[in-house]
Amino acid sequence: MRALFVTADGALRAPWRIALFFGATFVAGALVSSIAYGLLSLTPLVGLARSWRVPLDQLGALSALLIGTWLALCVDGGGVADWAQVGLARAAWRARTALVGLAAGALGILVPSALLLAAHRYAFEAQPHTTTWLGCAGTALLLLAPAALVEELAMRGYLLAALRASYGATAAVAVTSLCFALLHLFNPNPTVLSTTTVAIAGVFLAAVRLATGSLVAAWMAHLAWNFAQAAILHAPVSGLPLGASDYRLLDLGPAWLTGGSWGPEGGVAAAVGMVVATLLVVRGSRAGGGYALSVLPVENDA
306 MRALFVTADG ALRAPWRIAL FFGATFVAGA LVSSIAYGLL SLTPLVGLAR
356 SWRVPLDQLG ALSALLIGTW LALCVDGGGV ADWAQVGLAR AAWRARTALV
406 GLAAGALGIL VPSALLLAAH RYAFEAQPHT TTWLGCAGTA LLLLAPAALV
456 EELAMRGYLL AALRASYGAT AAVAVTSLCF ALLHLFNPNP TVLSTTTVAI
506 AGVFLAAVRL ATGSLVAAWM AHLAWNFAQA AILHAPVSGL PLGASDYRLL
556 DLGPAWLTGG SWGPEGGVAA AVGMVVATLL VVRGSRAGGG YALSVLPVEN
606 DA
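Everything in the sequence shown is counted per my numbering, starting at 306 for the first residue and increasing by one.
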């Protein structure tokens, strides 16, 4: 019976570690939403955040995930949280590593989009506006930055690390990418193709995380990918329109290539861009490109 819960060396098995992580995150989320938000609502901070369109729900989820991650890491480390396990140690915040993620995410979507513009599959259309480009970009950044970090912590933080340590990188990437795709089924108008491209995005972001050893790099790649669509192309992001200033992207189809109502990331062109970006990131790590690999030990089940 004991072997069901722990390995031969006394470590808690991955399924129970993952259950602990999500359980702690759920409890922390309930406490944050009831107690912390209740206390903050007595101050001007909540009203100020709403006036600036700060996504309080995402900040609450982020707080809960950080607490859940910390508790799970403490259990793993005998009371000490090793943030390197989830790619959040001090080295993970280096500017060069973050720039790798930014470049991979931005170029992965902008290059195929530029090719579609050149092929007249996309066009820009002028439209009435009530805000400047900077205002639109600022709003998009406030919304997208915490949302991207929440998704990275949930999918490619502790979950990826625990699965990888027990079952290897391939299984960990496959499971987290599938979960990532399934989460996006709740977005407007998902299709088989859009769900497939989101799964490919999960592989791409996991490759950035593992190749750089940094969850920050994966966050930057995720943010750059979404920000480029919302603030530069003025297109929907995963089926969600975020508003635009004086122009918007006009999708001339076919939707299987261009993404249709899901936005550029829902098409084959973007999927190819992600595959190329993934290969370049992995190749850069193997060629000694300067970002350290984070290698975690595999549990001994003997």
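If you're looking for bench data, these hints aren't it; they were derived computationally from the structure.
Be a bit skeptical, because a hint or two may be false.
To be verified - Pairwise CB distance ranges (calculated): (1) N494 x G443: 44 to 52 Å; (2) V311 x L446: 40 to 48 Å; (3) A476 x L584: 19 to 27 Å.
Beta carbons: idealized from backbone N, C-alpha and C, even for Gly.
These are the hints, each one checked on the structure:
no., hint, in the structure
1, N494 x G443: 44 to 52 Å, "27 Å, violated"
2, V311 x L446: 40 to 48 Å, "44 Å, holds"
3, A476 x L584: 19 to 27 Å, "20 Å, holds"
In this structure, the one hint that does not hold is number 1.
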